[in-house]
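Enquirer: Start from the sequences, fold in the hints, and give me the full structure.
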Amino acid sequence: MKTFLLLLISLACLSGVQSERLVQSSDPVVIKPGTSAKLSCQGSGFTFSEQWMGWVRETSDGRLTWIGQVDPSGGSTYYHDSFKGRCTISRDNSNNMLHLQMNNMKPEDTARYYCARHTH
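Read left to right, the sequence shown gives residues -19 to -1, 1 to 101 (mature numbering (1 follows the signal peptide of the UniProt record, and there is no 0)).
Each hint can be trusted.
Derived Cβ-Cβ restraints for the label pairs, each shown as a range: (1) R44 <-> R67: 17 to 23 Å; (2) D52 <-> P88: 28 to 34 Å; (3) P53 <-> N84: 24 to 30 Å.
No wet-lab data here; the hints were simulated from the structure.
C-beta: ideal position from N, C-alpha, C; glycine also.
Expert: This is the structure:
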């Protein structure tokens, strides 16, 4: 019997100011273990190309884990050790888009994923 992995990638909007928005999909994604998933979000209301952007996930027990972040130009990325080599964060500044490519998905990757703008 084939095993399927349910990823509850019900992404939400994270914002510190009401006029700033990060728009993400809210539909759960079901995939097979060992396969890949790509998540995206779009920012508006701030100068996307000048911001550090990143991804965080929340497991069902409420634990938050920082996945990684990308600099404003997209030239440098930084990842939590547990995601290195398995995840790629990229951005498309012309469309204000942030992407997370996750490979070799595992059952423990079932979580809610958030994109976030780094603020000081």
